[in-house]
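Quick note, the sequences are listed as chains A and B, same order. Just so you know, we're using my numbering here: the first sequence kicks off at 72 and counts up by one. Just so you know, we're using my numbering here: the second sequence kicks off at -11 and counts up by one.
None of these hints come from the bench; they were simulated from the model. Some clues are possibly wrong.
[What the hints assert, rightly or not] List time: in silico SDA-like cross-link candidates among lysine to any residue, alpha-carbon distance up to 25 Å:
id: 1; chain 1: B; residue 1: Lys45; chain 2: A; residue 2: Lys85
id: 2; chain 1: B; residue 1: Lys30; chain 2: A; residue 2: Gly124
id: 3; chain 1: B; residue 1: Lys10; chain 2: B; residue 2: Ser40
id: 4; chain 1: B; residue 1: Lys30; chain 2: A; residue 2: Ser155
id: 5; chain 1: B; residue 1: Lys10; chain 2: A; residue 2: Phe173
id: 6; chain 1: B; residue 1: Lys25; chain 2: A; residue 2: Val159
id: 7; chain 1: B; residue 1: Lys59; chain 2: B; residue 2: Glu3
id: 8; chain 1: B; residue 1: Lys59; chain 2: A; residue 2: Met98
id: 9; chain 1: A; residue 1: Lys85; chain 2: A; residue 2: Glu150
id: 10; chain 1: B; residue 1: Lys25; chain 2: B; residue 2: Glu(-7)
id: 11; chain 1: B; residue 1: Lys30; chain 2: A; residue 2: Thr157
id: 12; chain 1: B; residue 1: Lys25; chain 2: A; residue 2: Gly134
id: 13; chain 1: A; residue 1: Lys128; chain 2: B; residue 2: Arg85
id: 14; chain 1: B; residue 1: Lys46; chain 2: B; residue 2: Gln26
id: 15; chain 1: B; residue 1: Lys30; chain 2: A; residue 2: Asn99
id: 16; chain 1: B; residue 1: Lys45; chain 2: B; residue 2: Gly84
id: 17; chain 1: A; residue 1: Lys85; chain 2: A; residue 2: Phe173
id: 18; chain 1: A; residue 1: Lys128; chain 2: B; residue 2: Leu34
id: 19; chain 1: B; residue 1: Lys59; chain 2: B; residue 2: Lys30
id: 20; chain 1: A; residue 1: Lys128; chain 2: B; residue 2: Ser6
id: 21; chain 1: B; residue 1: Lys30; chain 2: A; residue 2: Gln176
id: 22; chain 1: A; residue 1: Lys80; chain 2: B; residue 2: Gln33
id: 23; chain 1: B; residue 1: Lys59; chain 2: B; residue 2: Gly4
Note that this is a predicted model, so its numbers are computed, not measured.
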Amino acid sequence: NAGVTQTPKFQVLKTGQSMTLQCAQDMNHNSMYWYRQDPGMGLRLIYYSASEGTTDKGEVPNGYNVSRLNKREFSLRLESAAPSQTSVYFCASSEVRDSGAFFGQGTRLTVV
Amino acid sequence: GENVEQHPSTLSVQEGDSAVIKCTYSDSASNYFPWYKQELGKGPQLIIDIRSNVGEKKDQRIAVTLNKTAKHFSLHITETQPEDSAVYFCASRGMGRRALTFGSGTRLQVQP
């Protein structure tokens, strides 16, 4: 049982480049999330998807777009990467009601 | 929106001692409070959670308490072991909200 799988694990981008972070879960969860983790700031929500076909902005959505491709997959796209987007990105999934989220292993992104 | 404050940011204890981490939340409608443990290079892992209709929950050496009146909740780890060393995050979810709001994290170091 893989849980939540993120690819890639590491990535270095130049300013202005674009890329897509992939996430897939095999727990049949309805809700999926993208968080970023920066030192001393905990995890901040970028976007989330309550169910297939829906997406909503979180606390820090600027500079990002998302796609809920199907129930299993939720991708995060950076159209024009900036150094401020250097961070560790986590994808998570959960059932809709009163349950904790399960996290992937993270993608460490560096924008130079 | 919801705000979660977590203290202390770092905590060092001797093996066998107890450790306590405290969090306060701002939204009185919050009804779900999980705790996560994050080891170096890994994603956060759910270790225990509590819902607003319960005051305390235990799981072996770990316990969580909730004071709804004061809007704070705490993680208690007894008989600490070196493998408890990690970063711990508290989180809350408001009524009707999908995503969790996280505290800034506590780095716990258990000295052998």
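Lys59 (chain B) and Met98 (chain A): Cα distance at most 25 Å? Judged against 25 Å, a Cα distance of about 32 Å means the pair is violated.
Given the hinted pair Lys10 (chain B) and Phe173 (chain A), is their alpha-carbon gap at most 25 Å? holds (22 Å)
Verify the proposed pairing of Lys128 (chain A) with Leu34 (chain B), using a straight-line Cα cut of 25 Å. Holds. Lys128 (chain A) to Leu34 (chain B) sits at ~24 Å (cutoff 25 Å).
Given the proposed pairing of Lys59 (chain B) with Gly4 (chain B), does the C-alpha separation stay at or below 25 Å? Answer violated: Lys59 (chain B) to Gly4 (chain B) is near 29 Å, above 25 Å.
Does Gln176 (chain A) sit within 25 Å of Lys30 (chain B), going by the straight-line distance between their CA atoms? holds (5 Å)
25 Å Cα cutoff - pair Lys30 (chain B), Asn99 (chain A): It holds: about 22 Å lies between the C-alpha atoms, which stays within 25 Å.
Assess, step by step, whether the Cα of Lys128 (chain A) is no farther than 25 Å from the Cα of Ser6 (chain B), and give holds or violated. Outside the cut-off at roughly 39 Å; violated.
Taking only the CA atoms, is the gap from Lys45 (chain B) to Gly84 (chain B) under or equal to 25 Å? Distance ~23 Å between Lys45 (chain B) and Gly84 (chain B) Cα, so the pair holds.
Holds or violated: are the alpha carbons of Lys25 (chain B) and Val159 (chain A) at most 25 Å from each other? holds (16 Å)
Is the hinted pair Lys59 (chain B) and Lys30 (chain B) satisfied, with a Cα-Cα distance of at most 25 Å? violated (30 Å)
Please verify whether Lys25 (chain B) and Gly134 (chain A) have alpha carbons no more than 25 Å apart. violated (29 Å)
Do the alpha carbons of Lys85 (chain A) and Glu150 (chain A) lie within 25 Å of each other, as the hint requires? OK: Lys85 (chain A) and Glu150 (chain A) at ~12 Å, within 25 Å.
Hints 1, 2, 7, 8, 12, 17, 19, 20, 23 from the list above are not met by this structure, while the remaining hints are.
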